[in-house]
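> Take a look at the letters that make up each chain.
2 protein chains.
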Amino acid sequence: MEISKDQIATLIDHDLSNSAQMLGCFLVSSSSLNPETSPHLKAENLILLGDALFREREFRRAINTYKQALQYYKTIPKQSSTVSRSSLSGRSSSPNSSNISAINENEVKFKIAWCYSALNENKAALVEMDGIPSKARTLPMSLLMAKLYRNSRHNRFAIACYKECLRHCPYVIEAIIALAELGVTAKDIISCFSQILNRSGRAFYDQIDSNRWLQVSIRRSS
Amino acid sequence: MEISKDQIATLIDHDLSNSAQMLGCFLVSSSSLNPETSPHLKAENLILLGDALFREREFRRAINTYKQALQYYKTIPKQSSTVSRSSLSGRSSSPNSSNISAINENEVKFKIAWCYSALNENKAALVEMDGIPSKARTLPMSLLMAKLYRNSRHNRFAIACYKECLRHCPYVIEAIIALAELGVTAKDIISCFSQILNRSGRAFYDQIDSNRWLQVSIRRSS
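Those protein sequences? They're chains A and B, same order as listed. Numbering-wise, the first sequence is residues 1 to 222 according to UniProt numbering. Numbering-wise, the second sequence is residues 1 to 222 according to UniProt numbering.
Calculated from the structure, these hints are not laboratory results. Just so you know, even glycine gets a beta-carbon here, dropped at the ideal spot from N, CA and C. You may find that some hints are simply not true.
[Unchecked claim] Derived pair list, reagent style DMTMM-like, types lysine to aspartate or glutamate, alpha-carbon separation capped at 20 Å: (1) B:Lys5 to B:Glu36; (2) A:Lys147 to B:Glu56; (3) A:Lys147 to A:Glu181; (4) B:Lys187 to B:Asp130; (5) A:Lys74 to A:Asp130; (6) B:Lys147 to A:Glu56.
[Stated by the list, open to error] What the simulated footprint calls covered on chain B by chain A, stretch by stretch (three residues with Cβ under 8 Å from a Cβ of chain A suffice, anywhere in the stretch; the number is not a length): (7) 14 to 25; (8) 149 to 161.
[As the list claims (entries may be wrong)] Over the 10 Å line for every Cβ pair with chain A, so calculated as not near, a few chain B residues: (9) Lys123; (10) Ala124; (11) Ala175.
Model the full assembly from the supplied sequences, consistent with the hints where possible.
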């Protein structure tokens, strides 16, 4: 009666999320009935099922599944959960990327927030995002927060988050346009890049310098 | 004025497809104006833009962009295009996976078909899929063809394609259910697995044997 996580992850990676979802239901049912299954594995299985449901745009079911995963995660002894978290720090935190080997609590919260956002439940999405420490925020997380704040007309917070996006990566044109629309000056927007510039030195400067089109487009947007 | 494909691919991988799309438009415009840009690079840029548009669910624009890419691809001398094609044979052919390093003509046709299918234009999607040699079909391609044939009530072709999916991977539950619904017997469905079994020998047999749940679920579906 063995169904492996890898098989489900492979189906998700091939965009066969319908089959992944059905197989994920089998996996979650069998692991929840098995007293030998660790809470860590139960949480991992639930996250995979959540990812399949997300791909199928079954956002409500995905939220419930991710939340169950977080409940199991909370029962894992602290030491092992810390190891898992740090081991995933460099991974993409998009709900479209399946999480196979370890659990990143912040990433799961982000996936829940993304689902709420897809359901136009801004407040619930922001509550979920507030649970992620600001230092742990990735670029997609900052962008989602910016959009949520903007939708809620919290423009000051939205501006801060959009600027954070540009500090991660100057190519997030969406953030540049939003900042211009929110009344931020071109000079102020460009200063976000110069902060990266000061941190990363000449190599990055050369890249920015050759990307004058970016600065021109900022001035045009504002 | 340098925008690199990698920057766009990174944005797509982070699900920042809105920004990827805008940056992709810049990239395509600048490369189409530059007489030094090779047709191969132009095609690659267009595919990246197509992927960003697909993610944004702008299917009509994605179709036009992918078709332009194929036009450039046709102008590439045969030898280099053959190398590109074979170098990508093992890659996932989902439109959700961005294609950075080389061009796979069949994959682009599949992406176009996927867009038509999302627009409920079954016939156009099937025409596109018919351009892919049957030997080059990947699992997601066979599944899309099966669905398209089923929607068009070409049940005999649909059954053949669903069976093809199971020959790729026995875990495509969606295909099992569809075959059962189309009146295929449990014995006939299971025989698809035994074909893989004969090809791959004992190791795969052990896996199948431990997955009796799969055979039980097939019998229940039919």
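> Could you let me know if the closest chain A CB is still more than 10 Å away from the CB of lysine 123 (chain B)?
holds (22 Å)
> Are three or more residues of the stretch 149 to 161 of chain B within 8 Å, CB to CB, of chain A?
violated (count 0)
> Non-interface claim for alanine 124 (chain B): all C-beta distances to chain A beyond 10 Å?
Answer for alanine 124 (chain B): holds, closest chain A Cβ roughly 20 Å.
> If you draw a straight line from the CA of lysine 5 (chain B) to the CA of glutamate 36 (chain B), is it 20 Å or shorter?
The hint holds at about 16 Å.
> Hint check: lysine 187 (chain B) vs aspartate 130 (chain B), CA-CA at most 20 Å. Holds or violated?
violated (30 Å)
> For the stretch 14 to 25 of chain B, do three or more residues have a beta carbon lying closer than 8 Å to a beta carbon of chain A?
holds (count 7)
> Would you mind confirming whether the straight-line C-alpha gap from lysine 147 (chain A) to glutamate 56 (chain B) stays at or under 20 Å?
Holds: lysine 147 (chain A) and glutamate 56 (chain B) sit about 16 Å apart, inside 20 Å.
> For lysine 147 (chain A) and glutamate 181 (chain A), compute the direct alpha-carbon distance and say whether it is at most 20 Å.
holds (13 Å)
> Alanine 175 (chain B) clear of chain A by more than 10 Å, beta carbon to beta carbon?
violated (8 Å)
> Are the Cα atoms of lysine 147 (chain B) and glutamate 56 (chain A) separated by 20 Å or less?
Holds, at about 16 Å.
> Does aspartate 130 (chain A) sit within 20 Å of lysine 74 (chain A), going by the straight-line distance between their CA atoms?
holds (18 Å)
In summary, the structure is inconsistent with hints 4, 8 and 11 from the numbered list given earlier, while agreeing with the others.
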